[in-house]
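J.: Using the hints, position chain B against chain A.
The primary structure of each chain is shown beneath.
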Amino acid sequence: MSILEVHDVSIRYMTGDFKEIGIKEYVMRKLTRNYHVVEFWADRHISFNLEKGEMLGIVGTNGAGKSTLLKVISGIMEPTKGWVKREGNIAALLELGSGFDGDLTVRENTYLRGAMLGYTRKFMDETYEQIINFAELKEFEDRPFKQLSSGMKSRLAFSIASLVRPDILILDEVLSVGDGAFRMKSEAKMREIITGGATTILVSHSIEQVREMCSKVLWLHKGNQVDFGDDVQGICDKYQAMLDGKLKLDANGKIRA
Amino acid sequence: MIQKLLRHRFLFEELVKRDFKKKYKRTVLGMAWSILSPLLQLAVMTLVFSQFFGRNTPHYMIYIFCGNLVFSYFRDATNGGMGTIIGNAGIFTKVNVPKYLFLLSRNIQALINFGLILVVFFLFVALDGLPFTWKYFCLLYPICGLILFNIGTGMILSAFFVFFRDIQYLYDVFTMLLMYMSAIFYTIDSYPQTTQDLFLLNPVYLFISYFRQIVIDGVIPPGWFHLLIAVWTVAILSLGCWMYKKYNTRFLYYV
Chain A
44 MSILEVHDVS IRYMTGDFKE IGIKEYVMRK LTRNYHVVEF WADRHISFNL EKGEMLGIVG
104 TNGAGKSTLL KVISGIMEPT KGWVKREGNI AALLELGSGF DGDLTVRENT YLRGAMLGYT
164 RKFMDETYEQ IINFAELKEF EDRPFKQLSS GMKSRLAFSI ASLVRPDILI LDEVLSVGDG
224 AFRMKSEAKM REIITGGATT ILVSHSIEQV REMCSKVLWL HKGNQVDFGD DVQGICDKYQ
284 AMLDGKLKLD ANGKIRA
Chain B
12 MIQKLLRHRF LFEELVKRDF KKKYKRTVLG MAWSILSPLL QLAVMTLVFS QFFGRNTPHY
72 MIYIFCGNLV FSYFRDATNG GMGTIIGNAG IFTKVNVPKY LFLLSRNIQA LINFGLILVV
132 FFLFVALDGL PFTWKYFCLL YPICGLILFN IGTGMILSAF FVFFRDIQYL YDVFTMLLMY
192 MSAIFYTIDS YPQTTQDLFL LNPVYLFISY FRQIVIDGVI PPGWFHLLIA VWTVAILSLG
252 CWMYKKYNTR FLYYV
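The listed protein sequences correspond, in order, to chains A and B. Quick note: the first sequence uses our numbering, first residue 44, plus one each step. Quick note: the second sequence uses our numbering, first residue 12, plus one each step.
Here chain A stands alone, though its shape is the one from the complex (with noise of 0.2 Å):
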């Protein structure tokens, strides 16, 4: 019993003139003919399944569709086609810096952000301190969140989001944020919730990262799913290969021969 199952997942994606502009210069632009929206397909055709406990790294390069499929995963966007099905509660851990609110203060800020993680407030009640504390933030609780410096944000985020006890999680390039000594202490955390028992997906750039923790690898190349198994050092060879130039691969992923 897979307990996540990505089936034939595509998606397209929209951009263009249409973000930021007003309806007097929409109207202009279609009279004009200069309204250009385009429409591509971030990831085309992936499909693979995760069991209990396993943890996916998911590898490629920049406009590989990662980002895109982890929003389709934890249920932000809908798939244009094919279907994800997920079997108990999933936390997903995008660009954890953003999203705060400058003007409340850093109580208000975590508990704000516990209940965006689907925290209880008994839960939040009952850990604040220790997440104040991790964060080594306990005397600016009542400062404006606007006044710490973007090394206690990301600090502040990390503490908090490292409670999640979902049965899936999603990690965005997260595994460490900070100065070294808080480095070490959230890497360390980090191992923590995905030794424990967590079904995981990591996306990263550090390829070594994904050899030494990875069960399974899924690689992206422009939207096309090139290679997903469990032969993770072997694929990541490819990839590896692929990155110093030696591999090259054609429009659909496909490794030429």
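Just so you know, these hints were derived from the structure itself, not from any lab. Hints may be right or wrong, so weigh each one.
Pairs of lysine-lysine residues, derived as BS3-like cross-links and limited to a Cα-Cα distance of at most 30 Å, are as follows [said to hold, decoys possible]:
(1) Lys165(A) with Lys28(B)
(2) Lys67(A) with Lys256(B)
(3) Lys110(B) with Lys32(B)
(4) Lys62(A) with Lys256(B)
(5) Lys128(A) with Lys256(B)
(6) Lys36(B) with Lys165(A)
(7) Lys28(B) with Lys256(B)
(8) Lys189(A) with Lys36(B)
(9) Lys62(A) with Lys34(B)
(10) Lys110(B) with Lys165(A)
(11) Lys15(B) with Lys128(A)
(12) Lys95(A) with Lys232(A)
(13) Lys28(B) with Lys181(A)
Partial pick of chain B residues on the chain A-facing surface, computed with a CB cut under 8 Å [unchecked claim]:
(14) Phe21
(15) Arg29
(16) Lys32
(17) Gly101
(18) Lys105
(19) Val106
(20) Phe175
(21) Arg176
(22) Tyr264
(23) Tyr265
For every residue, glycine included, the Cβ atom is placed at its ideal position computed from N, Cα and C.
T.: Relative to the frame of chain A, chain B by itself:
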């Protein structure tokens, strides 16, 4: 929807708290200002217009107050509601939450404000010597209608605002026109009957008029008047819900 709301109760509470704190920004006047501001407006309007329109209108101040009370709630809720999707882009692009939570939370804040002014309103009504009767309970009808009407309008506006950012300015012009067409400080008795009927097409006027009929005239509006309010409310709310449903997955591309 109710089930979803329960599941996201903690988040909803925190959003309400956030909107509330942001509105009053920990200032000294804070909440007091949100009562003072409409009262000042009322004072100015009464002062300026009572010579023109007030001579033949009994309880002219209460007459204006009814208009201001309803209109300022409408403007506050819809203006504030407009930015709720864009303003919370940082949240809904990262976690999967229903987007109407943001709008509802902002509406609760506007409702609290409305409640405060409503209390002051009743105080003024008492000072003016108007009798309180059981008919006042009928005011629950336009109040509930107005709440839903504002939510519906907010849904439409916030969805539009995602696609076209200049809606904000167009809406400012629109609300100004609407204010002049809602008979807030003048009476419509002197217009010919057909013009008077045209006012009934303005939902905000309907809500204002309902308040006046109960508070000043002491009569319950006829059945068709209730129906008219219901039709407007249901229509706007359905349109709003439909837009949220239709564009739910598209908002993401525009933020």
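J.: Tell me, in ascending order, the numbers of any earlier hints that this structure violates.
T.: none
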